[in-house]
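Asks: Chains as they are written, first to last, in our numbering: chain A, 1 to 181; chain B, 1001 to 1115.
What the hints contain is simulated information worked out from the structure, not anything from laboratory work.
It is possible that some hints are incorrect.
Unchecked claim - Calculated lysine to aspartate or glutamate pairs in the DMTMM-like style (CA-CA distance at most 20 Å, straight line):
1) A:Lys134 <-> B:Asp1060
2) B:Lys1021 <-> B:Glu1109
3) B:Lys1021 <-> B:Asp1106
4) B:Lys1021 <-> A:Asp25
As the structure is a computational prediction, the values presented were derived from the model and not from experiment.
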Amino acid sequence: MVELLVGVFLLFMIIGALIALETTDLLSAVISMGAVGAALSICFLLVGAPDIAITQMVVEVLSLVILIRATIRRDLTTIEGDRDFFGLMATLAMICGLLIFGFSAFLRLPPFGSPAMSQSFQAPARQYLNCGLKETGAANIVAAVILDYRGYDTLGEATVLFTSILGALAILRVYSRKKKQ
Amino acid sequence: MIYAMCFLLFLIGLYGATCKKNIVKIILGLVIMEYAVNLFLILLGWRTNGQAPIMSQQTDLPAFTATAVDPIPQALVLTSIVIGLGILSLMVAIAIRLYERYGTFDITEMRRLKG
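Pulled out of the complex, with its shape left as it was, chain B reads as follows (with noise of 0.2 Å):
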């Protein structure tokens, strides 16, 4: 249930990506589809009454392995949160440049961008 949640959120970036007109509402879209991913991905190392794969002095080591929820997913995750971060800007720096060069974020109407 909760992972169809998160593939409705997806296709709900997707949708945004491939039918709207502004540009700045395609990025949305963009960044909406990379979240759901970064949560869907999350969710499938949870455990039912997991708790976050941090010890501390009185954790005791056999309960701490039975009880710990996945650590790989988070790492990578991790990882996946701070190249996004370097997308956007990417993504933001063309719009920009574009906006500059064609006066409007509507991609109809940048004629030069048909192939």
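So here's chain A without its partners, still in its complex pose (with noise of 0.2 Å):
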């Protein structure tokens, strides 16, 4: 049941996504990625990751006001086309050849349904399921393994996510520019 509703939302983000790149407007193309967005937050919410389905919603609101704030009022004669034929063809070979190397490599992927961590007794999520309530006193076991477990990786995230904002205002600002001229 789960794994059809999974599908059918994935095939509705396969056609956002293809519409998102093949339409010539350009805020038609962001507002189909944000209908992919949502779509994947669903999904997301299918398979027992409501955290992830929270955070999905709040990035994917976010992102779009950024698109949008770059594509507004800009550029409204449209692209056409896309690049030199030979490049083209290479490249959508090259997908192909991917594409199968991917089929052949899913089916060495333990099924749907069984992940890695409910066949091996040693697995480490075991552990967090059986001892993050008493080791850290949180019933989220996902807040327990991102803010007590795995502490550093999130001050890491933090990190990122700083410099990037910071080299994102670095790139756009226009104060000390215009003072030098």
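From these two lone chains plus the hints, build me the complex, please.
Replies: Pasting the structure below:
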């Protein structure tokens, strides 16, 4: 049941992504990207990841605002066509090769619905699920992992986020350049 | 089957990032790739008839351990989604600056970029 529903939403996402890439109007491309992100959030909700679904929704809204800021009132003349023919064909051939490789690789993965942690008794995920409440006091095991067991990861994430925002601000500022002229 | 569709979504993003001329379309392709990878990692942790890894007052611990989905991919993907927002804002800032410099989003017209 879950597999079917996720499949339907994945099909919706694939169609939305194709529309976003192939439409000539930039604003409708950005908006169909928003539809893809919303479907992704519903997929997360279906496979038992409510934290991720909430985060994805918030991030989707923010990234839509950023992308619309980039596209609105700019470049309303549409850009037609792809890159040169030979390069396009070479890239498509590479992508087809990658597709075949991927399909053969997915046959070796554990099937959908039985993750690696359900086959191994030494898996760290089992440890977290068993002792998470006792060791950290958090009822939400995902919160226990990101804020306690792997807290340094979250610190690194905050650093990366801060650096990227700093970079964006440094690129976008006009103040110091005007003073120099 | 689900994994294969995820991979197809990734390849659509790859096509957008490599074959498009418009810089906004390239950014959208990269974002699609990121979505596909995040979804794939979450799907790897799904258990049939699983439940979200959140306890309540009535939760029975052995049954919870036997049915909850894998929490580690969820925690790492949470990090990855937020970092994706940072990457997106950086890319959009560069795109806006390029537009102000060259007056177009078309990467084939930005002559100075040719190496």
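Asks: Take the hints in turn and mark each one as holding or not.
Replies: Going through the hints against the structure:
no.	hint	in the structure
1	A:Lys134 <-> B:Asp1060	holds, 13 Å
2	B:Lys1021 <-> B:Glu1109	holds, 9 Å
3	B:Lys1021 <-> B:Asp1106	holds, 6 Å
4	B:Lys1021 <-> A:Asp25	holds, 14 Å
Violated hints: none; the structure is consistent with every hint.
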